[in-house]
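**Q** Dock chains Y and C against chain S, hints included.
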Amino acid sequence: MSARAFDAEARGGRVGAGLRGGQRLLRRIVQDPMGLLGLTLALLVVVTGLFADGLVLYDPLKIDVPNRLADPTLAHPLGTDQLGRDVLSRVIKGSQIALLVGISATALAMLGGLSLGLLAGYGPRWLDNILLLLFDAIYSFPIVMLALAVITLLGPSLATVMLVIVVGYVPVYARLVRTSTLGVKNSEFILAERSLGARPLRILVRHILPNVVGPLFIIASMDIPVVITIEAGLSFLGLGVRPPAPSWGRILNDGYSFIRETPWIVIGGGLPLIVTTLGFTFLGEALRDTLDPKLRRTI
Amino acid sequence: MLIYTVQRVGLAALICIVAMTILFSLVYVIPGDPASIALGPRATAAMKEALRQRMGLDQPLVVQLLYFFGNVLAGDLGLDVWTNRSVTTIVGEALPYTAALAATGLGWAVALGIPLGCYSAIRRNTPIDKLTGVISIGAISMPSFVVAIYSLLIFAVALKWLPAIGAGERGDLVDQLRHLVLPAFAIGLGWVGYLARLVRASMLEVMGENHVRTARAFGLPERTIVFRYALRIAVLPTVTLLGIAIGGLLSGAVFAEIVFNRPGLGQLVYGAAATRNYPVVMGTVLVTVLLFVVCTMIADLTVALLDPRVRKSL
Amino acid sequence: MDASADPVLSIRDLSIDFVTPRGPVRALRRVDLDVPRGGIVGVVGESGSGKTTLILAAMRLLPGNAEVRGGAVLFDGDDVLRMDAKRLRGLRGRRMAMVFQDPMTSLNPVLSVGTQMVDIQYRDRDRGRPAKRRRAADMLRRVGIPDPEQRLDNYPHEFSGGMRQRIAIAMALLDNPDLLIADEPTTALDVTMEAQIIHLLRELRRDFRGSILFVSHNLGLVAELCDFVVVLYAGEVVERGTVRDIFHRPRHPYTEALLVCDPARLDTVRRELPTIPGDVPDLVHPAPGCIFADRCAKAFDRCRVEAPTLTAIGDGHAASCHLVGP
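Line by line, the protein sequences are chains S, Y and C. Under my numbering, think of the first position of the first sequence as 1, with each following residue one higher. Under my numbering, think of the first position of the second sequence as 1, with each following residue one higher. Under my numbering, think of the first position of the third sequence as 1, with each following residue one higher.
One or more hints might be untrue.
Taking CB as the label site, the calculated pair distances span [claimed, not checked]:
#	chain 1	residue 1	chain 2	residue 2	range
1	Y	Arg309	C	Ala264	31 to 41 Å
2	S	Pro210	Y	Ala45	54 to 64 Å
3	C	Glu46	S	Gly183	29 to 39 Å
Quick list of in silico lysine to any residue cross-link-like pairs, SDA-like style, CA-CA up to 20 Å [as the list claims (entries may be wrong)]:
#	chain 1	residue 1	chain 2	residue 2
4	C	Lys86	C	Asp102
5	C	Lys86	Y	Glu222
6	C	Lys132	Y	Thr224
7	C	Lys86	Y	Arg213
8	Y	Lys130	C	Gly210
9	Y	Lys160	S	Val167
10	Y	Lys130	S	Arg260
11	C	Lys86	Y	Val212
12	Y	Lys130	S	Leu278
13	S	Lys185	S	Gly197
14	C	Lys86	C	Tyr122
15	C	Lys132	C	Glu149
16	C	Lys298	C	Val324
What the hints contain is simulated information worked out from the structure, not anything from laboratory work. All C-beta atoms in this analysis are idealised placements derived from N, C-alpha and C, irrespective of residue type, glycine included.
Only chain S is shown next, with the shape it has when bound in the complex (with noise of 0.2 Å):
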């Protein structure tokens, strides 16, 4: 839900990351029932993601039509589709899907988002107002209706569903880096560079761009299940990935279809969205709870 940008420019402000802090920060997380639950699903997806074509049974593609729409069995734990292919397989070769999509778009829309909110940030007064008011314009579009628009134009594929994305999600993004731009190009350290004459690329570049980075990381990384769902709520729509692809929107929407005749294809194609939204969540609010104290649960 983008209602998480608004929330992402109070949490950019407060946190900062390093590498040796990385570790410090692992071991804090993995005590804490919650992001040990996190982490443990949010893994399980990545893993089921990255070793897909090595753990399905069969080939999510083969059809096979007089077994189609089975009840599950030993054979087919998540029984069969309309067009008789194992449901457990789609499910699994569509975390590929979702891990492509997650990962890409999310860092196509950060790396937008960098450059923009830098220009923004450090830029000329004139050009940031500019900026900020092209951020909200596209802002303001909720971002199914600014999909809709798009594919009617463009017409439904995967590649401008994570077009739409990236556009959706960079103006949150480049907010967020714009603020901790703001915040750290007025404090001494830069202020120093430039009486010592630095040129402003080496400035943003050594010096604010590995403050900005952190922030950004973080935020943008909790965002990826919402991406996932997004890009899956499209397939759902059938906006999306093309036919035959598995992506878990696109068996949901087989499974919707033929909801009367057996439920298992929906809660295969559900399944995996709830697993993965709930793991990166409990991951984040583990790692908001380690890295900001205030809003700890502690005594």
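**A** For chains Y and C alone, coordinates are given in the frame of chain S:
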């Protein structure tokens, strides 16, 4: 306050202008003949010609843009490609259904989420607080369309307690309410979680601040402290969130309307997208964008009304 | 202290721990302190000495993880720590009032000053709102806020730090409490504002008949304002007496060291400021013996083994040190 209001309204207007420009220019960003792109492969040459005439595609871009703004301000959102009906009318017919759905969805989320968050903050670390926390996270973690499908599966298909399709008989309020239950539940569930957690976190933060301690030091009753002194500040981020919520609600409404086959903006734009009925798509998206800008503006103004510190700067 | 008159506030043998993940932190131990009627008592100590815990305890405003391990806080004979909540609320703001350390955060930012000053008069059922506003405006005038009727409608962020502190004092003295507790009221202000606030307090002192409990780490202020002084170190009272006793005839090594290290009292030019060597002790696992032993220049064997008790030196003057008494 007045200056701030004027500034904020001006900003909203500017955002609308930029957003409309973006929407307008979508057709032109894609290489090729705008009319073909807008209408898709099934359009006849005559339809394309008609659209070209209407949109004045032979005119310079700036002129077209101005025509566009002029039309929108006059309430003219174009004509449906297939039926030639006014898009404004079509959208106007669909809007009340979506409005009812969004309002109900957000309504129950607010009615449950805010008190839950408050209670959790006051009784922090008790079993109720921890349980609420877990449930909140669980609620947030379920994508609204998955909730929609599962509640359809459980309550409509399996248990048959509630209707699966449509908005109910016109004029029959009870029937319409029955048809609202599952969709509103689906789109509101995530927001219950968000609101509960946000209110809890805000309340805890505010209750720990020095001015609350001062209020206690003067012997003010606990009720006054919680509601008049603490909640008034803690509710501010929630108000902002509610303004933004409209965006998420409209996105969620698309799914809910399709899963439950309800009429509304979502169903409308989805159907139009499928038939390459671009004017309808554009008109609906435009309306949702305007709704978003207006809602966030109202939220910001409300915050400024409640928090005098905000009024100082924009 | 003057034992014949009964004190308005009498802290007896108070011990308070804070519960933390590392274990209980011993914030206060067996603290005895009396505030005589009409007197001004200063509590002196460095950061972490427990001064703030002490006065928060006086009004039972301690945070949730504080636990009282023993002792009592008697306000006019009644134990604040054990009375029922309703009674306590009746006392707060009316018979005892507090001025806090940080004027920037101690007032509610979204309510006008007038609203807050009227709210604290909630017990007064006889007066209507306009009358309460007038009382508030009068009080603001007395503390030196110009144009008070207009300024009642202003919000705290529209005042400077010094003015906010004046407002806090006005609120505290509104009902003429028997005891005013001031927690380092000038620490967050610059020197000019500090002087003004102290000047204000002394002026109000003439009309205000109550007692004052004044906490500070600034020895000069305490010397200027107070009649009696209590020196706190690591949660324990190490010495107490009149201002003369403490500043002219200190007997506890910590008090002596504090006076030596006070920058305002230096009479020779030197490169380095004198400090007390060592660190504040670990209050989770305190060492046996005297709490000041590991930083004390005069410590001997007995100090590290046996904790000293408060021993009388003269009239009202007492110190907790093996060098004093038997």
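**Q** Each hint needs a verdict: does it hold in this structure or not?
**A** Here's how the hints hold up against the structure:
1. Arg309(Y) x Ala264(C): 31 to 41 Å: Taking Cβ atoms as reference, Arg309(Y) and Ala264(C) lie about 38 Å apart, which means the hint holds.
2. Pro210(S) x Ala45(Y): 54 to 64 Å: 58 Å Cβ-Cβ, so the 54 to 64 Å window holds.
3. Glu46(C) x Gly183(S): 29 to 39 Å: Holds, at about 33 Å.
4. Lys86(C) x Asp102(C): violated (27 Å)
5. Lys86(C) x Glu222(Y): Since the Cα atoms of Lys86(C) and Glu222(Y) sit roughly 11 Å apart, the hinted pair holds (cutoff 20 Å).
6. Lys132(C) x Thr224(Y): Holds: Lys132(C) and Thr224(Y) sit about 18 Å apart, inside 20 Å.
7. Lys86(C) x Arg213(Y): holds (17 Å)
8. Lys130(Y) x Gly210(C): violated (47 Å)
9. Lys160(Y) x Val167(S): violated (41 Å)
10. Lys130(Y) x Arg260(S): Answer violated: Lys130(Y) to Arg260(S) is near 37 Å, above 20 Å.
11. Lys86(C) x Val212(Y): holds (18 Å)
12. Lys130(Y) x Leu278(S): The hint holds at about 16 Å.
13. Lys185(S) x Gly197(S): holds (15 Å)
14. Lys86(C) x Tyr122(C): Since the Cα atoms of Lys86(C) and Tyr122(C) sit roughly 14 Å apart, the hinted pair holds (cutoff 20 Å).
15. Lys132(C) x Glu149(C): Holds. Lys132(C) to Glu149(C) sits at ~12 Å (cutoff 20 Å).
16. Lys298(C) x Val324(C): holds (12 Å)
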